[in-house]
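Enquirer: Sequence:
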Amino acid sequence: MKALPHRSFSVFTTLMALLVLSTTFACSRVSNPAIPENLSSDPAPSLISVNERNARTPADYTGHECWGFYTMILDFETGEIEVVEKRDVAGHINVKKILTSDWWCPTKNCIQIQFLEMDPDNEHYLIKGTLMNPTYFTGYDVRVIIFLDEKGHMLLNPDDYTRLYETGDYINPFRAFNKPVPQRKFNPYSTSSEIFDMHIPNVPFKFQINFAIDVSFPDNCPEPYDLEDFGYEGYIYQDDPGLDGIDQGEGTIFVSVFDWQDDILEVTVDTTPVTGGITSLDYNIDNDRWEAQITNSEDAEMGDYICLIAAYSETDPTIGIFNYLTITVDETPPPAVQTIWGHVGDALYLDNLDGAVVSVVPQDPLGFYPPPVSVVDGEYLVNVTTGIYNMSVVMGDGIHLDTFARDVVVTTNEDVRLNFGLLYPNQSCIYNPYSTAGYSSTMGFAGRVIDPDGFPISGAMIEFTSPDGPTNQPFVTAEVSDENGYFSARNMPIEYSWGYIINIYRVKVRADGYLEHDVGFLPVTPNNVPYRVITLEPHAQTPVWTESFESDSGWSFSGFYHRQQYDTSIKNMSFSPSYNLVALPPDEMWDGGLPVPTDGDYYLWYGNPADGNILGYWSGNAGGPYSGGLSDAAHSGSATSPSIDLTPYSTARIEFDLAYSMESQDVPSYELMYFYVNGGLVGFYNAFIDCDTAAYTFTQRGHNRTLIWCRYVHDISSWAGSNVNLQFTFSTGDNLYNGYRGQFIDNIKIYAE
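Residues 7 to 759 (the numbering used here) are what the sequence shown spells out, left to right.
None of these hints come from the bench; they were simulated from the model.
Do not rely on the hints blindly, as some may be mistaken.
Only pairs whose alpha carbons sit at most 16 angstroms apart, straight line, appear in this in silico EDC-like list of lysine to aspartate or glutamate [stated by the list, open to error]:
1) Lys212 - Glu272
2) Lys514 - Glu200
3) Lys212 - Glu307
4) Lys185 - Asp125
5) Lys514 - Glu556
6) Lys92 - Glu172
7) Lys577 - Asp558
8) Lys212 - Asp81
9) Lys157 - Glu200
10) Lys212 - Glu304
11) Lys134 - Glu156
12) Lys191 - Asp232
13) Lys514 - Asp288
14) Lys134 - Asp203
15) Lys134 - Glu200
16) Lys134 - Glu172
17) Lys191 - Glu234
18) Lys514 - Glu501
19) Lys212 - Glu200
20) Lys212 - Asp305
21) Lys185 - Asp232
22) Lys212 - Asp370
23) Lys134 - Asp175
24) Lys134 - Glu86
25) Lys577 - Asp597
26) Lys185 - Asp175
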């Protein structure tokens with residue numbers, strides 16, 4: 007069973023479908039749209055009884071004048087059409103006799119009707135109608151109304167439909183004259199022509215069609231005068247009880263309504279077979295049309311349904327204008343056993359952006375089109391089938407920018423977690439409105455990290471560097487994969503108001519036990535979230551040296567470096583209400599305390615357990631609220647390993663987990679973190695971007711984000727064949743903005759050959 011794409015129906019489609027529809031139906035099922043039937047053979051119930059509000063008979067004809075009721079007699083043998091008077095006119099200005107008068111119209115040319123084309127085999131005829139105004143009155147909105155009856159003729163190109171002058175149950179089509187003329191004026195002694203595209207059943211010799219000429223006087227018609235650009239788009243279907251989360255889909259019905267008085271009272275569509283009742287449309291100012299969302303709540307069978315549009319104005323709510331649109335109920339889609347779900351929030355503060363609309367579109371035109379969903383409590387969930395999708399998230403608040411994700415891969419029996427951060431450009435700091443905390447331009451990067459067998463890899467580091475930074479300091483930000491291998495990097499900076507611009511990113515992925523994978527360069531596109539599935543290859547090497555600080559192995563420490571056992575009672579006092587030196591990150595994972603070690607119960611920490619941060623020594627005043635913290639003096643320290651024997655080896659690399667939390671005020675130049683081997687510089691871990699916000703922390707995940715563990719890999723083959731000492735150093739650089747948790751190191755491994 008194949009899912010179908012969105013459908014959009016034109017006026018022409020609706021007109022052709024009307025060949026098989028008695029206009030006495032408000033909305034009905036089309037069973038055979040190819041061959042016209044005798045429409046009187048299976049008479050429909052009275053339209054008024056089906057939908058009185060949508061097709062009520064006018065109480066009077068205020069603002070309308072009837073210029074005559076006539077019968078055109080079509081002679082198929084001679085190809086001639088005769089016009090004869092039908093009945094008297096009940097109006098204020100009786101011009102019927104003028105229109106047929108030998109004195110006013112001596113050649114009967116005031117009403118001239120003639121065949122242009124005749125195709126009796128297909129029961130199809132083109133007829134030209136020409137009217138002349140032989141009076142000194144100016145009329146408006148002149149229409150020729152074709153009265154329908156049981157004989158089954160049909161006007162295939164109606165401008166719209168009306169109930170004017172109808173004594174039975176039909177809604178009759180009409181052609182409007184002088185449409186290009188301002189206000190559709192019909193000036194004295196002027197002429198106008200229209201083409202009538204007619205379906206006329208085959209009969210011997212002659213066929214009679216009744217019609218009326220309607221004109222509005224002394225001004226334009228009181229009701230809406232035109233319905234245009236109407237139709238249906240979307241994807242609705244029958245419910246399948248076996249499909250979890252599928253609820254008949256969603257579509258939009260729409261119509262543009264034109265009214266001389268600009269006082270439209272109501273616009274409705276009788277969608278009874280599909281929705282169980284009449285659907286009221288609302289005006290959408292952005293699209294400049296009336297529209298409504300529908301679903302197949304009546305569980306209608308697959309097929310096309312012709313539904314009556316009705317529009318009324320306040321000037322005269324008894325006179326309406328009508329037309330028809332087609333709603334298609336499609337084939338029920340295949341089971342949607344997967345979902346795409348996640349969080350949608352502000353890029354900096356992660357506040358829930360409820361009401362944002364998430365749209366998911368398959369790259370395969372014949373793929374499954376799920377309906378758009380709205381974000382509720384910060385979360386969205388879209389049921390999908392396997393495939394590759396493009397996504398968009400639109401908040402529509404005039405503040406947050408629309409965001410897009412490309413190439414989202416959904417595989418069998420896997421639910422995709424994809425989080426979005428919508429940028430509010432140059433957003434201010436909550437605690438200092440005069441300080442810019444947000445970036446000017448951002449992007450994201452999302453995906454999944456798996457092994458060669460397709461199993462997820464959790465805790466993988468996705469590192470983002472840029473050649474736009476200093477040669478020895480290219481780091482910008484990082485993300486880690488969750489327990490199912492998914493990651494969503496959001497709020498990746500492109501431009502900051504202070505001036506730096508990132509033109510390209512480089513992406514590398516690392517995880518313990520796997521070879522580093524270089525994804526390559528990532529083009530920078532604002533508000534875009536490329537999606538990648540990344541496969542890491544395992545390595546079978548055994549480390550020649552490890553350190554997880556579970557015991558005292560001979561390291562020497564200075565400053566605030568020390569072995570630290572994981573302790574949930576240690577909290578950063580900067581977050582406490584008594585101080586409020588630093589704002590807790592909105593995605594905080596450690597409850598304001600220490601991170602869980604990646605191996606065992608201990609790790610290396612540069613920080614003070616007494617305060618849970620790197621304030622160090624401070625004398626009574628640690629700074630004002632959200633100042634970042636104030637130390638008595640700058641401080642620094644080092645952690646140096648015992649000697650490690652690499653003399654048997656010619657190549658070597660070192661891997662370790664590192665996490666840090668530092669100031670956002672001046673990221674590149676303070677809280678400096680270096681790594682050395684035998685005094686030679688190997689790693690520098692500060693980002694080169696500057697966020698200039700004292701209240702917020704900076705971690706590898708970025709500005710105002712939780713502390714995360716990241717895996718680092720360095721080639722130290724230059725020191726293979728010798729004894730080496732490892733050294734980590736940390737320096738605050740000054741006494742300002744030190745109320746953060748510092749640096750943590752764990753799970754060090756050296757691989758050598």
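Enquirer: Does each hint fit the structure? Answer for all of them.
Expert: Each hint tested on the structure:
Note on Lys212 and Glu272: the hinted pairing is violated, with a Cα-Cα distance of about 42 angstroms set against a maximum of 16 angstroms. Restraint check for Lys514 and Glu200: not satisfied, since their Cα atoms lie roughly 69 angstroms apart, outside the 16 angstroms limit. The suggested pairing of Lys212 with Glu307 is violated, with an alpha-carbon distance near 41 angstroms, which exceeds 16 angstroms. With a C-alpha separation of about 28 angstroms, the suggested pair Lys185 and Asp125 falls outside the 16 angstroms cut-off, and the hint is violated.
Between the alpha carbons of Lys514 and Glu556 the distance comes to roughly 30 angstroms, so the proposed pair goes past 16 angstroms and is violated. Distance hint between Lys92 and Glu172 is fulfilled; the C-alpha atoms sit about 14 angstroms from each other, no more than 16 angstroms. Distance restraint check for Lys577 and Asp558: the Cα-Cα separation of roughly 24 angstroms exceeds the 16 angstroms cut-off, and the hinted pair is therefore not satisfied. In summary, the hint linking Lys212 to Asp81 is supported, as the alpha carbons are separated by about 5 angstroms, within the 16 angstroms threshold.
Note on Lys157 and Glu200: the hinted pairing is violated, with a Cα-Cα distance of about 23 angstroms set against a maximum of 16 angstroms. Annotation: proposed proximity of Lys212 to Glu304 is violated, straight-line Cα distance about 45 angstroms (limit 16 angstroms). Between Lys134 and Glu156 the alpha-carbon distance is near 24 angstroms, which puts this suggested pair outside the 16 angstroms criterion. Proximity of Lys191 to Asp232 is assessed by CA-CA distance (about 15 angstroms); at most 16 angstroms being required, the pair is judged to hold.
Taking the CA atoms of Lys514 and Asp288, the gap is about 50 angstroms. The hint is violated against a cut of 16 angstroms. As the CA atoms of Lys134 and Asp203 are separated by approximately 9 angstroms, the hinted pair is consistent with the 16 angstroms bound. Between Lys134 and Glu200, the direct Cα distance comes to roughly 6 angstroms. Compliance with the 16 angstroms bound is thereby established for this hinted pair. Of the pairs offered as hints, the one joining Lys134 and Glu172 is violated, with about 23 angstroms between alpha carbons and a cut-off of 16 angstroms exceeded.
Between Lys191 and Glu234 the alpha-carbon distance is near 20 angstroms, which puts this suggested pair outside the 16 angstroms criterion. Taking the CA atoms of Lys514 and Glu501, the gap is near 22 angstroms; set against the 16 angstroms cutoff, the hint is violated. Only pairs whose Cα atoms come within 16 angstroms are accepted, and Lys212 paired with Glu200 is rejected, the gap being roughly 22 angstroms. At most 16 angstroms may separate the alpha-carbon atoms for a hinted pair to count; Lys212 and Asp305 exceed this at roughly 45 angstroms.
Between the alpha carbons of Lys185 and Asp232 the distance comes to roughly 10 angstroms, so the proposed pair stays at or under 16 angstroms and holds. Distance restraint check for Lys212 and Asp370: the Cα-Cα separation of roughly 54 angstroms exceeds the 16 angstroms cut-off, and the hinted pair is therefore not satisfied. Of the supplied pair hints, the one linking Lys134 and Asp175 is violated, its CA atoms being roughly 27 angstroms apart against a limit of 16 angstroms. A C-alpha spacing of about 12 angstroms is found between Lys134 and Glu86, which places the hinted pair at or below 16 angstroms, so the restraint holds.
Straight-line distance between C-alpha atoms of Lys577 and Asp597 comes to about 8 angstroms, which keeps the hinted pair within the 16 angstroms bound. Among the hinted pairs, Lys185 with Asp175 is inconsistent with the structure: their alpha-carbon atoms are about 28 angstroms apart, more than 16 angstroms.
When held up to the earlier numbered hints, the structure conflicts with 1, 2, 3, 4, 5, 7, 9, 10, 11, 13, 16, 17, 18, 19, 20, 22, 23, 26 and fits the remainder.
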